[in-house]
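Same order as they appear, the protein sequences are chains A and B.
Here our numbering is used: the first residue of the first sequence is 3, the next is one more, and so on.
Here our numbering is used: the first residue of the second sequence is 47, the next is one more, and so on.
Derived from the structure by calculation, the hints contain no laboratory data.
For every residue, glycine included, the Cβ atom is placed at its ideal position computed from N, Cα and C.
Heads up, some of the hints might be wrong.
Using C-beta positions, here's what the derived DEER-type ranges look like [what the hints assert, rightly or not]:
(1) A:Ile452 to B:Asp409: 54 to 64 Å
(2) A:Ile596 to B:Ile212: 17 to 27 Å
(3) A:Ile21 to B:Phe89: 28 to 38 Å
(4) B:Met230 to A:Glu208: 56 to 66 Å
(5) B:Phe89 to A:Glu595: 58 to 68 Å
(6) A:Glu595 to B:Asn347: 40 to 50 Å
(7) B:Pro63 to A:Pro68: 53 to 63 Å
(8) B:Leu82 to A:Pro234: 51 to 61 Å
(9) A:Glu208 to B:Thr459: 16 to 26 Å
In the BS3-like style, the derived pairs of lysine-lysine whose C-alpha atoms are separated by at most 30 Å in a straight line are [what the hints assert, rightly or not]:
(10) A:Lys162 to B:Lys500
(11) B:Lys497 to A:Lys168
(12) A:Lys162 to B:Lys419
From chain A, some residues computed to sit far from chain B (all C-beta separations above 12 Å) [said to hold, decoys possible]:
(13) Ile59
(14) Ser108
(15) Ala193
(16) Val359
(17) Leu460
(18) Ala495
(19) Ser526
(20) Glu543
(21) Tyr546
(22) Leu621
(23) Tyr623
(24) Asp633
(25) Phe665
Here is how the chains run, residue by residue.
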Amino acid sequence: MVFGLEYYSPWLVWMLPIISSLCVPLAAKFGSKARDCFVILTGIATLILATSMISGIYSGDLKSPPSIRWIPVVDIELGVLFDPLSILFTNLIAFVGLVVLIYSLSYMAHEEGLTRYYFFMLFFIGSMIGLVMADNFLQMFIFWELVGMCSYMLVSFWYKRPEAVKAGMKVFLMTKIGDISLLASILVVYADLHILSYRQVFERSETMALPLLTVTGFLTLFGALTKSAQLPLHTWLYSAMEAPTSVSCLLHGATMVKAGVYLIARTQLMFSGIPVWLNSVAWAGAITALLGAALALHTPDIKGVPAYSTISQIGFMIAALGTASTPEALGWFAGLFHMISHAFFQGLGFLAIGSIVHQLGTRDMRKMGGLRNDMPITFALCIIVILARSGIPPFCSFFSKGLIASSLLSTGNTPLILLIYSAAAVTFAYSYRFLVLTFAGEKPDYLRNIKVHEAPRLMSASAGILAAGCIILGFLGEPLVRFLGSSFVFDLASFFGPESLLFLVTLLMGGLPVYFVYQRKSISPEILRKGALSFMDKTLENGYFFDPVYGRIAGRLTKFLESLHETVEMRVMEHAPYLVADGIARFTHGFREIAEMNFLERIPALVATRSMQLAIITLGYFDSTLDKMIDLLAQGAALHSLKIKKIHGGALPQFVLAAVLGFIFLCILLLLTF
Amino acid sequence: MIASLLLALLLPALSAPAAYVLGRKSAKTAANVVLLFSVLDLFFLLTTIPDVLSGGRYTESYYWMPMLGSPLTLFVDGISLSMAAITLLLIISSILFSVDYMEDRKSLREYYALMGLLTVGLVGVFLTSNLMVFYFCWEFMLIPTYFIIGGWGYRESYRAAFKFFIFTHAGAVAVLLGIGAVYMLTGDLDMFQAKNLLAAAPQDILIWIFAAFTLGFAVKMAIVPLHMWLPDAHAEAPAPMSALLSGVIIEAGAYAILRVSLGTVFPSIASIPVSNQFLYALSIFGVISAFYGAFTALAENDIKRIVAYSSISHMGYALFGLSLFPFAEGMIGTVLHLVNHAASKGLLFLNAGAIMKQTEVRDINQMGGLASKMPLTAVSTAVSSFSVAGIPAFACFMSEFLIFMGGFQAGGTDNFYYTTTALMIVATVFSLAYVLRLFWKVFLETSKIEKVEKVPVSMSISMVILSVTVIILGVWPGPIIELISAAVFS
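Please take these sequences and the hints and turn them into a complete structure.
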């Protein structure tokens with residue numbers, strides 16, 4: 003191994019766009035030209051880094067660079083995984099990313115807030131590559147959430163439009179529901195195995211108890227299905243169409259919605275031993291494929307067609323993955339092959355209609371028509387889109403859908419096969435309908451006053467790159483099989499057998515009604531909305547009632563929260579302390595009233611008067627006693643003095659002595675009484 | 047460095063009179079003085095890092111109150127160091143933010159002096175292992191807070207301040223009872239000594255001590271249904287004080303539960319079955335708080351009250367994390383969550399303050415379209431609110447992830463925790479919902495407010511400091527996890 007570019011590429015390929023995105027505001031300081039150049043150069047550099055890793059896979063130098071210590075206690079390391087699956091996705095993301103960046107130069111040229119736009123586009127490309135390059139579940143989950151955040155920011159790019167803002171919130175919240183399911187599955191794995199690195203988890207997953215493994219598998223699956231806009235939480239993808247078309251192309255057509263496909267493909271090794279899980283994957287994919295296609299056939303919205311088409315086509319991929327019991331099986335390869343071809347034709351589908359949406363100011367196809375003369379190049383590109391999407395040879399999806407069909411046929415599960423074949427038929431039907439409604443026929447009144455011109459050259463050129471990809475990709479199957487290390491032989495000749503004939507006949511059956519209804523106009527579409535079919539029309543109109551039900555749940559919840567806030571928080575909780583405080587205040591007040599005013603206040607006075615009275619009574623008692631004693635004394639003294647008078651006849655010294663003795667006696671008496 | 051912890055405790059005490067005296071001429075000087083002291087304080091605190099990393103704990107002991115046989119012990123380990131450091135960082139940012147935020151207010155030197163005093167209590171709580179000193183700092187937080195909320199707050203600020211004071215003081219009474227009981231049983235006021243000595247104490251008394259401590263701390267943590275003081279206090283306080291209230295003061299409650307209730311008392315009662323019920327109760331009240339806070343935040347229209355309810359929700363996460371005792375992932379996650387939440391919620395409150403100051407509106411329905419007028423605030427609000435919502439690469443994600451990890455580990459031994467952890471994970475969806483609603487109503491769609499001036503420099507700087515902190519904590523949490531885990535495992 004040479005310590006050259008390819009040694010550092012696995013790290014740089016995702017760090018470069020992220021670091022560059024942080025520099026976009028800096029570059030914008032030097033003018034918008036400098037910023038645009040910087041962004042495109044980053045895109046090119048990322049693509050170079052991505053392609054530099056391809057040879058490493060072919061030469062078999064499958065060696066992941068060393069990891070970095072990241073979260074010590076739980077032993078999670080920051081690492082990159084150098085394996086065919088991640089390199090495949092990395093190249094795809096870098097390639098479509100660059101194409102869309104070039105397209106944006108022209109498409110977004112006159113918008114405000116482009117620094118923000120390019121910041122999030124580069125950040126998204128970096129995070130998305132980080133998601134597929136991560137070598138453990140936690141790192142993958144971090145990028146998984148970051149691409150969700152970019153999606154929110156980019157869907158709400160025109161943040162002054164209420165619809166865009168609300169759509170952004172819906173997208174973020176609905177995908178978050180899937181994200182917590184994925185988070186829970188990661189935590190279950192960690193709690194049981196104490197590791198999160200893919201390699202170690204896959205090695206040891208067999209030691210997990212089967213019920214636990216099954217629960218983990220379904221939690222992961224739900225997360226993946228939600229991110230990839232599969233039933234039952236698929237409705238966010240249509241709302242995401244509020245984003246600029248370039249964003250819809252990159253995030254909601256070519257790359258971000260494939261994160262779920264990546265996750266299922268990645269964890270196939272871990273869960274494919276559980277038949278229930280594998281079956282559920284196949285069924286979820288097949289049902290979504292048909293239901294999504296039917297919605298695309300019904301929608302009047304020009305961006306709705308590629309949006310529902312994406313839902314449906316991802317269903318094809320997931321159905322194919324569900325037939326693969328190992329990552330070498332045909333179904334696994336078929337799913338991923340279709341993933342690539344879908345990135346090209348759906349990316350092209352978005353880029354081609356970008357200028358139509360831009361110029362017409364409406365997304366309603368019923369107001370369109372006859373654009374083929376004004377926009378010949380766009381018309382040509384759209385023809386490629388419908389051929390490639392439906393699977394007409396020699397376009398890419400003919401091969402990928404052929405493989406999906408044969409992988410399903412090999413399981414012999416008739417209902418699944420029927421679902422997928424009818425979905426393929428409807429695919430052709432809605433693509434055809436889109437083409438007729440937009441380009442064929444006469445111009446309606448709405449378009450008379452609008453001057454429509456061809457898309458700018460830069461936009462057509464970048465769309466052209468994807469168109470070229472749609473044509474040649476089918477023939478690149480053989481190197482791709484070697485790249486992914488699948489175990490079967492990719493033989494072009496095998497595609498031209500009875501199976502393909504069956505497939506093409508199916509497409510024709512889908513196309514015929516559209517031909518009669520929309521092109522020949524021999525059957526009015528109104529007939530299809532009447533009678534027994536009106537129920538179906540209503541169902542499709544409401545998107546199988548998923549959104550109305552979710553809306554009602556959200557409404558109920560909002561009402562509940564409002565009443566909770568109103569009654570519990572603002573009435574009870576807010577007032578409870580004051581009630582208690584009031585109670586205390588009333589008690590103290592009452593206490594003061596009763597005790598203080600009536601009782602305590604009077605006590606001193608009462609005590610004073612009572613003690614005064616007591617004192618007076620006591621004093622009076624003493625007084626009278628004293629008086630009596632003094633009287634007695636005086637009488638005694640008088641009697642005595644008479645006796646003495648009789649005896650002495652008035653000798654002074656005896657009188658004085660008697661007086662002094664009497665005084666002293668009195669004093670003693672007085673002292674004794676106090 | 048010698049006596050660096052004592053310096054860290056006393057420097058802010060000096061900063062208060064210094065700011066008061068030097069700030070006579072201009073309030074800016076007072077702010078600079080407190081700022082300088084806080085930065086120095088942080089520096090002294092960080093000088094203990096080598097000791098903590100090598101020895102796990104760094105202790106200083108001073109002669110104090112010989113009658114009670116208790117020296118003044120100051121210590122730091124990984125947990126208290128990271129808590130104290132984020133506290134000081136938040137104080138520095140708040141003071142910096144105040145310079146422009148408070149410029150048109152009166153008697154600012156008193157304000158800055160009170161901020162200095164507040165720092166003593168806030169930092170002291172994390173730095174001491176002596177229960178008496180701890181209680182002193184615990185109560186000492188209240189007084190400056192009361193005056194700052196009352197004196198410089200909004201609307202009926204003294205009413206809110208009074209509510210705050212009474213509630214937390216009532217909680218502190220329970221704490222004091224607990225401390226008294228611990229002293230009577232052990233004759234020692236040091237947490238670590240007491241932990242060993244309590245093992246011999248009668249368990250039926252210890253249960254009551256545990257309950258008293260936890261209840262007292264839970265009031266400060268504003269756990270539903272003891273949260274009634276929080277929305278008022280947070281909403282009416284001036285923005286820097288709200289940031290500190292939410293970033294430090296309520297988190298001190300969580301820290302105290304970890305250090306005192308669970309760290310000191312719980313090991314002695316862990317062997318009896320009823321202790322499990324206590325942990326269940328923590329877990330259940332954690333879930334209730336997380337949901338209740340998120341639900342009310344979703345229905346509220348007052349910008350600061352939304353952020354306040356979000357704090358209640360996040361304290362639910364912290365309490366849930368504490369209930370995972372003694373699972374290491376849960377404990378590390380909880381402490382990390384306190385650190386992360388301090389930075390994120392502090393930032394979010396500063397943002398809310400900036401918005402309120404520039405628009406002079408506090409009802410989010412009257413705002414809208416501010417993204418083009420206050421781009422920096424929009425970015426830093428996005429950073430802080432995504433962190434609050436637990437979006438990865440922003441701080442709170444990693445700590446929530448660790449808490450959930452601990453929850454599932456605990457679920458392996460006790461199925462009860464599978465249920466509560468699953469509920470906590472569901473609560474993150476509602477976190478995202480209220481955050482998106484806040485961002486939408488304030489920053490997106492068309493503008494309803496005509497004239498909005500640019501955010502002044504000092505406010506911008508402090509917002510940038512905290513935004514960068516939030517991102518660094520989210521992207522590279524390794525070092526701080528290492529710091530915390532050293533303490534948890536010892």
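| field | Minimum Cβ distance from A:Leu460 to chain B greater than 12 Å, as the annotation requires | value | 28 Å, holds
| field | Whether A:Leu621 stays farther than 12 Å from all C-beta atoms of chain B, as the label says | value | 53 Å, holds
| said: Checking one constraint from the list: CA of A:Lys162 to CA of B:Lys500, max 30 Å. Satisfied? | reply: 20 Å, holds
| query | Does the claim that A:Ala495 lies outside the interface with chain B hold up, using a Cβ gap greater than 12 Å? | reply | 48 Å, holds
| query | Between A:Ile21 and B:Phe89, does the beta-carbon spacing fit 28 to 38 Å? | reply | Given about 31 Å between the Cβ atoms, the range holds.
| Given pair status - B:Lys419, A:Lys162, alpha carbons within 30 Å | 13 Å, holds
| task | Grab the minimum beta-carbon distance between A:Ala193 and chain B and tell me whether it stays above 12 Å. | result | 4 Å, violated
| task | Indicate whether the distance between the beta carbons of A:Glu208 and B:Thr459 respects the range 16 to 26 Å. | result | For A:Glu208 and B:Thr459 the Cβ distance comes to about 23 Å; the hint holds.
| field | No chain B beta carbon within 12 Å of A:Ser526's | value | Its Cβ never comes within 12 Å of chain B, the nearest being 41 Å, so this holds.
| task | Would you mind confirming whether the straight-line C-alpha gap from B:Lys497 to A:Lys168 stays at or under 30 Å? | result | Roughly 26 Å between the alpha carbons, so the hint for B:Lys497 and A:Lys168 holds.
| Pairwise beta carbon distance, A:Ile452 to B:Asp409, judged against the given window 54 to 64 Å | Because 42 Å falls outside the window, the suggested range is violated.
| said: Checking a non-interface call: every C-beta of chain B should be farther than 12 Å from the C-beta of A:Tyr546. Is that right? | reply: 23 Å, holds
Hint check: violations occur at hints 1, 15; the rest are consistent with the structure.
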